[in-house]
Amino acid sequence: MTDDADEPASDRWAPIRTAGRWGVHARTHLTVLAIVVVAELIGEISFPVGPGQVVLLPMLYAVVIGILVTYNVLGRYVDPLRKIVSKDVSRVSSPLLIIALMPLGVKYGTLVAPAFNQLVEAGPAFVLQEFGNLGTILLALPLALALGLKREAIGSAVSIAREPTLGVITDKYGIDSPEGRGVLGTYLTGTVLGTVFFGLLGGFAPATGIHPLALSMACGMGSASMMTACSASLAQTVSSVPEDQILSFAATSNLLTGITGLYMVLLVGLPVITRLYRVLEPVVGRDA
Amino acid sequence: MSDTTQMETGRFALNSLKMLLVVGILTLVANSIGPETGFRAGFVESIPGMGLIVLIGLVALLLGRAIPLDLPAFAYAMIIAFALALPFSPVQGPFLGYVERVDFLATTTPILAYAGLSIGLQTGRMKEVSWKLVVVAVFVFFGTYFGSALIAQAVLSAQGLI
Numbered sequence: 001m002t003d004d005a006d007e008p009a010s011d012r013w014a015p016i017r018t019a020g021r022w023g024v025h026a027r028t029h030l031t032v033l034a035i036v037v038v039a040e041l042i043g044e045i046s047f048p049v050g051p052g053q054v055v056l057l058p059m060l061y062a063v064v065i066g067i068l069v070t071y072n073v074l075g076r077y078v079d080p081l082r083k084i085v086s087k088d089v090s091r092v093s094s095p096l097l098i099i100a101l102m103p104l105g106v107k108y109g110t111l112v113a114p115a116f117n118q119l120v121e122a123g124p125a126f127v128l129q130e131f132g133n134l135g136t137i138l139l140a141l142p143l144a145l146a147l148g149l150k151r152e153a154i155g156s157a158v159s160i161a162r163e164p165t166l167g168v169i170t171d172k173y174g175i176d177s178p179e180g181r182g183v184l185g186t187y188l189t190g191t192v193l194g195t196v197f198f199g200l201l202g203g204f205a206p207a208t209g210i211h212p213l214a215l216s217m218a219c220g221m222g223s224a225s226m227m228t229a230c231s232a233s234l235a236q237t238v239s240s241v242p243e244d245q246i247l248s249f250a251a252t253s254n255l256l257t258g259i260t261g262l263y264m265v266l267l268v269g270l271p272v273i274t275r276l277y278r279v280l281e282p283v284v285g286r287d288a
Numbered sequence: 001m002s003d004t005t006q007m008e009t010g011r012f013a014l015n016s017l018k019m020l021l022v023v024g025i026l027t028l029v030a031n032s033i034g035p036e037t038g039f040r041a042g043f044v045e046s047i048p049g050m051g052l053i054v055l056i057g058l059v060a061l062l063l064g065r066a067i068p069l070d071l072p073a074f075a076y077a078m079i080i081a082f083a084l085a086l087p088f089s090p091v092q093g094p095f096l097g098y099v100e101r102v103d104f105l106a107t108t109t110p111i112l113a114y115a116g117l118s119i120g121l122q123t124g125r126m127k128e129v130s131w132k133l134v135v136v137a138v139f140v141f142f143g144t145y146f147g148s149a150l151i152a153q154a155v156l157s158a159q160g161l162i
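Protein chains in written order, with UniProt numbering: chain A, 1 to 288; chain B, 1 to 162.
Excised from the complex, chain A in its bound form (with noise of 0.2 Å):
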């Protein structure tokens, strides 16, 4: 097979191709230089809101800014950026993203080797924690069910859905079933509001008592970018744990999230949820 085949889907990494592409690379890579510039330059803003602390960190405006000026957003309605910004640049950013994460993946392992000892010790509870994936099912499907969500419940509430679990449910049921939207549901959730959500939600956690090494665990869901807002802003918030500490703590959970994130849906999260639906639905169900 030839790797020029017209076939976006079948390849996620043909966009990357440089060869007679070079204006759209261009664009792409400008815009992205821009939107680093202009976050980098506003900088670390941080200020007490009640119990928390709101940390905004400039990876967070880089992709509030991101989403903003894309084709689909402000480029809808304003021409010149649809044509500087196009549906091209979007799609070179999807694989480029994996490509991105490379520095920082480094960056974890150096911050992850000097702490090696620590995690060991801490070994029980990173391999319990995972377990706290749980913790959705047990809150979201009631509330899933009192919204008058039917079987939606079961994709949209099993877990907090990156790729594995769009993998197990699309699989199970297939994408157009109430299940398959479902998980469809909470996956584009995740995917447009998880680094902000959890880039605030790092700055507030520690106001509830819990300790900064469980609220960094906890941060490893299977989603880089998600880990790394939410541990980041964490690590600003907290000085009683030193920085590192936090961000190796995060990061290893998240990697073990992302080798047993998989069989957690299919062997545990699965189960539970579809038993619960039959004992809940009928109790906390309603009309819709």
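Simulated from the structure, these hints should not be mistaken for laboratory data. Fair warning: this is a prediction, and the values are worked out from it, not measured in the lab. Heads up, the beta-carbon is just placed ideally off N, CA and C, and yes, glycines get one too. Where hints are given, some of them may not hold.
[What the hints assert, rightly or not] Some, not all, of what chain A presents toward chain B, calculated at C-beta under 7 Å:
# : residue
1 : Ile35
2 : Ala100
3 : Pro103
4 : Gly109
5 : Leu128
6 : Thr136
Please arrange chain B on chain A, whose structure you already have, making use of the hints.
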């Protein structure tokens, strides 16, 4: 992941290297604008460290393609850097010395800029998601976060670590 229409490995490596160099430059720009904290260094002083990062990134991307474990390339980058930075690694000193000049937060800004631009592809589909599913998703976020945090808290305090 095993796709028959994938570009061949040589071309993938070359294109990835070009993209890694672009990302490297963007990260160094972020690194030189951000606040002077810790070991963060200027643009030129950070180039050797970024060179190492680009090299590890390329290996990680190739491993992600070659190893059928479904692990993201991000995990391989982390594992390679982890191995090089361990106390008994012969290159630990120079490796950490160069890489620490690139600040952690500086690496995050380009990532999220690309993430934001690529989310544009999905914002149209958000209209198909009912507000109820968005509300449920927010509860899912809270549930998974505090579910994990409470278990970790219980286990760490039972072990006497906190």
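For each hint, the structure was consulted:
1. Ile35: Holds, about 4 Å.
2. Ala100: holds, 4 Å
3. Pro103: holds, 4 Å
4. Gly109: holds, 3 Å
5. Leu128: holds, 5 Å
6. Thr136: At about 4 Å, which falls below the 7 Å cut-off, the nearest Cβ of chain B leaves the hint on A/Thr136 intact, so it holds.
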